[in-house]
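S.K.: Now for the letters of each chain:
Number of protein chains: 6
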Amino acid sequence: MIRPSERAVDEKRSLSITRNYTCHAEGSVLVATGDTKVLCTASVESGVPGFLRGKGQGWITAEYGMLPRSTGSRMGREAARGKQSGRTQEIQRLIGRSLRAAVDLSALGENTITLDCDVIQADGGTRTASITGACVALVDAIRSLQRSGAISTEPLKQMVAAVSVGIYQGQAVLDLDYIEDSSAETDMNVVMDESGGIIEVQGTAEGATFSRAEMNAMMDLAEKGIAELIAAQKAALAE
Amino acid sequence: MIRPSERAVDEKRSLSITRNYTCHAEGSVLVATGDTKVLCTASVESGVPGFLRGKGQGWITAEYGMLPRSTGSRMGREAARGKQSGRTQEIQRLIGRSLRAAVDLSALGENTITLDCDVIQADGGTRTASITGACVALVDAIRSLQRSGAISTEPLKQMVAAVSVGIYQGQAVLDLDYIEDSSAETDMNVVMDESGGIIEVQGTAEGATFSRAEMNAMMDLAEKGIAELIAAQKAALAE
Amino acid sequence: MIRPSERAVDEKRSLSITRNYTCHAEGSVLVATGDTKVLCTASVESGVPGFLRGKGQGWITAEYGMLPRSTGSRMGREAARGKQSGRTQEIQRLIGRSLRAAVDLSALGENTITLDCDVIQADGGTRTASITGACVALVDAIRSLQRSGAISTEPLKQMVAAVSVGIYQGQAVLDLDYIEDSSAETDMNVVMDESGGIIEVQGTAEGATFSRAEMNAMMDLAEKGIAELIAAQKAALAE
Amino acid sequence: MIRPSERAVDEKRSLSITRNYTCHAEGSVLVATGDTKVLCTASVESGVPGFLRGKGQGWITAEYGMLPRSTGSRMGREAARGKQSGRTQEIQRLIGRSLRAAVDLSALGENTITLDCDVIQADGGTRTASITGACVALVDAIRSLQRSGAISTEPLKQMVAAVSVGIYQGQAVLDLDYIEDSSAETDMNVVMDESGGIIEVQGTAEGATFSRAEMNAMMDLAEKGIAELIAAQKAALAE
Amino acid sequence: MIRPSERAVDEKRSLSITRNYTCHAEGSVLVATGDTKVLCTASVESGVPGFLRGKGQGWITAEYGMLPRSTGSRMGREAARGKQSGRTQEIQRLIGRSLRAAVDLSALGENTITLDCDVIQADGGTRTASITGACVALVDAIRSLQRSGAISTEPLKQMVAAVSVGIYQGQAVLDLDYIEDSSAETDMNVVMDESGGIIEVQGTAEGATFSRAEMNAMMDLAEKGIAELIAAQKAALAE
Amino acid sequence: MIRPSERAVDEKRSLSITRNYTCHAEGSVLVATGDTKVLCTASVESGVPGFLRGKGQGWITAEYGMLPRSTGSRMGREAARGKQSGRTQEIQRLIGRSLRAAVDLSALGENTITLDCDVIQADGGTRTASITGACVALVDAIRSLQRSGAISTEPLKQMVAAVSVGIYQGQAVLDLDYIEDSSAETDMNVVMDESGGIIEVQGTAEGATFSRAEMNAMMDLAEKGIAELIAAQKAALAE
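Line by line, the protein sequences give chains U, H, Y, L, F and Z. Note that this note's numbering has the first sequence beginning at 1122, numbered continuously upward. Note that this note's numbering has the second sequence beginning at 1122, numbered continuously upward. Note that this note's numbering has the third sequence beginning at 1122, numbered continuously upward. Note that this note's numbering has the fourth sequence beginning at 1122, numbered continuously upward. Note that this note's numbering has the fifth sequence beginning at 1122, numbered continuously upward. Note that this note's numbering has the sixth sequence beginning at 1122, numbered continuously upward.
So here's chain U without its partners, still in its complex pose (with noise of 0.2 angstroms):
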């Protein structure tokens, strides 16, 4: 099995993360792998949302979003549709779970952090680069908490990254794009942290079900290459 792109089962797509990709945001990065481009802002905001409100701990959230003519053929713009589709949700709430875990909120304050994804171009992967690259804004509007003095504490307990991983033609495959990802028999989407511990696991099978050796196979990709995106993300924080 050849993989369209002609990358190995095990490697995973070209990765860059541009951090100060606009000028007003805490954090503010750019982070494509392959031809998936996603704009991660962190705002930060004194306050918490009212069910946390006097409980002296912070709260991190996240919105995303694609731009109309991100994909192939063009959607219409949820804002003029009046309404956020069940996906959008659904990709939001676990961009928001995901990006939690990384920090011990009852050492932020009581700030919000809101993560915007916002999917300039799409080739597959978006909730996954989101989640990659929103990590590293996170902790750039964390640095900003502690340079202006709001805290003195170290919310950040440890970097956080996700990748897809699936079955292709009857292969566990890494970094699926848009090409596999349309066929795949399995998609998986896998988020971790720096130490291996596993914090979200979705997979769905698409027309023929998968087994418990399929999924081993998976994780181990899975594994690998969150291990590469982490690296990576803290190579981009340490320039």
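These are computed hints drawn from the structure, not numbers from a lab. Here the structure is a predicted model, which means the values were calculated and not measured. Misleading hints may appear alongside valid ones.
To be verified - With a cut-off of at most 20 angstroms between alpha-carbon atoms, the simulated PhoX-like pairs for lysine-lysine come out as follows:
{"no.": "1", "chain 1": "F", "residue 1": "Lys1204", "chain 2": "Y", "residue 2": "Lys1204"}
{"no.": "2", "chain 1": "U", "residue 1": "Lys1204", "chain 2": "Y", "residue 2": "Lys1345"}
{"no.": "3", "chain 1": "H", "residue 1": "Lys1204", "chain 2": "Z", "residue 2": "Lys1176"}
{"no.": "4", "chain 1": "U", "residue 1": "Lys1204", "chain 2": "H", "residue 2": "Lys1204"}
{"no.": "5", "chain 1": "F", "residue 1": "Lys1355", "chain 2": "F", "residue 2": "Lys1278"}
Given chain U, put chains H, Y, L, F and Z in place with the hints provided.
M.R.: Just chains H, Y, L, F and Z now, kept in the frame of chain U:
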């Protein structure tokens, strides 16, 4: 470790499946797993959504809702608030995907079957109970299409059922009720077919991350639980 | 004239009232009148809406919904369409007004009781069954407030029940089922209290108009029917 | 008992009906009853809603609105809030039903007449004034269809008018203005045709219940008032 | 070139301004310019929107609507469609900005005046007629605040009025009616104060572009027309 | 007077136009004017909206959005709030009208080109930058229609560009950035074509009114600025 319900770690709650619970729907099943009760109806309509028209195949879709006082404290009614929550949409997308895996859509004719899963009483595991109950309602609806002569094919490929598993006080457990679910370290919903093929896995760390070993322990429990559920579905259908 | 159900013109359908049908609500009643089944829950919440704050009185309100397949053909789910129909709003306003007539709001303390009437199965007369069932659930909720010591007063003034009457094939009849309702010349819903006081009358000509004499004949039937319903409510509460 | 307006108990407010109030609509009537002023326009459109297509009959429907400052204190604009209130929907459904009783829909051809009732100034009784005024606008619209040759039949069966009655300080009174309406024990809206046939009765106890005798006293007043209103409609149409 | 209305190119339509058109609002003006009729009410409410709270100043805002049959063919009701069109929002923002230019907000106290401009009958120029009429209603509302003693300052800085101008068949013309507006090459709305200061200019080419010379010719006409309108406003206020 | 940016009064910000910024759209342009950056994509779809069907002409429309953190403090996401603001709708209507002036719609065939203007980073002048950038994307989309053979005509009539001008500290200035815009006495957006024909003028006094002389001074600056912008558009298209 003793579970709040005093069940063994690999013991699911008692299950009852009542067919023909209401009189109008082509399939109507009340599924009760412990104190969780969900009414699952299957409605057959001739025709398919626009994106499938003229392709000679059918469609399966699902909607999910909770009665406002199915829960410990009253939740706002989604119809009154004017939109379905992200959680609701996520669940009904999951139910629809899972049930489509049970059926050969090309053998269904240009018919749509809508599964409505309405939670009458909630005690954890409403989404997995919905899938388990809806599959029985779906079979009844398929049988009614066959009896009426609308189709002479067999669209049913296999039974599908779902269960939740989790890590509770460091231990993998089967079929979490609300008390366990509220304090579990990890919650994982698993959907499988009757031959043990995996249709969907959704595992989420709440607080601590989970390991590959824990994931495997949870998958073992899910396999056992789903096999029991499918046996119960078949028994109910045999009546 | 023989009614489709072969009932006498002044004969209502068989009624059953099941208390404690679900476990979380302060009052939970399944009311079944013939094939019409409505789950009525009463939820107590501390506090009142803004327009009543600080006035030292309570509030009773109601919401109404039909499960999508409670009817002969599936109706779109209101939560999915993003709004409640005019019919739904009309009915829930009627239920709320009717139940407030049963209660001395100033003896309720600053508590709100919300009656949720969800139609599980419909065969005509769902709004009147909702009122009859909700009144029993309301009493259970009031009793729970008293048992808990939240109030030491008696807010219940009187039982309230409702029935539909109509002109079917030129004849006044009591408690129309769906078949009669669909072809009745006039449909009238009547709400009364246990002393025969009228709380609400809503009569609508469908096709032909109706006369003062017909209106009086219908009111006579309504009085009889409601007296029987209130007796049944009291019997259920005495259990 | 002296009414705030010093009217006799069976005395309705002065009524004026101005036809051709605006220039574009096929029927355009400003109806003023005391200080209540409603602009009723009837708009003819070729075609019918989907559920009537191909049945060779017409349709009558109604919409109702209040200008934001038609009332003593400004109400939020429904277009700005993004939805019509339950009260608005209830009223426009009532107006539509009432006007359909005036017309033989099968003689209307496949035409739709929409009655828009917009309250310019409110002082109680806006829904009944809307019905009374809209019926005149409807006749003008029917006449325009006949003049243009679009139909050669006579769809008008009878004039329809409406009035409110109530129990005010223990006494049945005709045509309540806002002051009376605010403190009435019972409020009842009655719609009748010119031969005294009842089209709709909606009576609501506010606080105290009402008796059969009071109901009859109110109906007597309504009959008298509606007969006067229909005479005024006919006089206006004869000009 | 002869205008459809046979008016001279610099001749505006006849104008009438009727104060106290309805009885509840603090200012209520029916403005008629030719066949265009707009009811402008000014409602005073104590308090200001959140973004101004505690700043010791007032606020002026506007809402705009068209009755469904104010136009040649019936338009859908915005309240029924559940949102205001882009055109409606654009117009009400323009009216609000224009009227705020008439007033010293810091002399208004913490009061909000809402101008509701509802088009009863449309024949072109409804937004400019709204501004002209609303300014008179605003003055009446300010006078009522002063009479009641709520403020002892003079918030009114100057009268404001508006008119449309355009290029019709190659010629600059004043105050376009609907027929001219539909085929004009350019349409420009101008808002000025009584000393000729420009508050707003909005010129749009429809088809052909326009030149600086044409723009100047239109501005000359607008100056003339607005001077006449302001004289009429002052005459109406002097009554 | 020294401008905050130290630019001369008739000096616009530096401009860059990057074509083919993303890979899927038929035209994709990142326009940057100073710190304002807007991604303008042009999407070609076969077919036209309903109101143009069968007329043998094409359509140009536009949508506009701001990424939530394109601005100094985070704005709520319009898709999450469920509606586009009045400002957004006003701007996208302006962009659409302006771009339609660049094109002979009857030479476009029954094709629709949608311009999506999404603000990545905002520093004033986003609507005018959107028009300037979208025109380049539009040309690329037209060229792609011609290359593919879908049309063999030339729909492009002329280039169109836009700039803001204003009165800042009593002085007419070209191309206001956010700091100037926030405190300008007057803000005017001007859209012109390459022969100097005016397509749209929108001038708004903020605080003080402006005079005819000031309006002329602003128009002179706008002419100069737009000529420079159109030269830059042409240079970018020549690459």
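S.K.: Hint check: Lys1204/U vs Lys1204/H, CA-CA at most 20 angstroms. Holds or violated?
M.R.: 9 angstroms, holds
S.K.: Hinted pair, alpha-carbon criterion (20 angstroms max): Lys1204/F, Lys1204/Y. Please report holds or violated.
M.R.: Satisfied, since the Cα-Cα distance of roughly 13 angstroms is no more than 20 angstroms.
S.K.: Below or equal to 20 angstroms on CA atoms is what counts here, so check Lys1204/H against Lys1176/Z.
M.R.: 39 angstroms, violated
S.K.: Given the hinted pair Lys1355/F and Lys1278/F, is their Cα-Cα distance within 20 angstroms?
M.R.: With Cα atoms ~14 angstroms apart, Lys1355/F and Lys1278/F stay inside 20 angstroms; holds.
S.K.: Is the straight-line distance between the alpha-carbon of Lys1204/U and that of Lys1345/Y 20 angstroms or less?
M.R.: 50 angstroms, violated
In this structure, the earlier hints numbered 2, 3 are contradicted, and the remaining ones agree with it.
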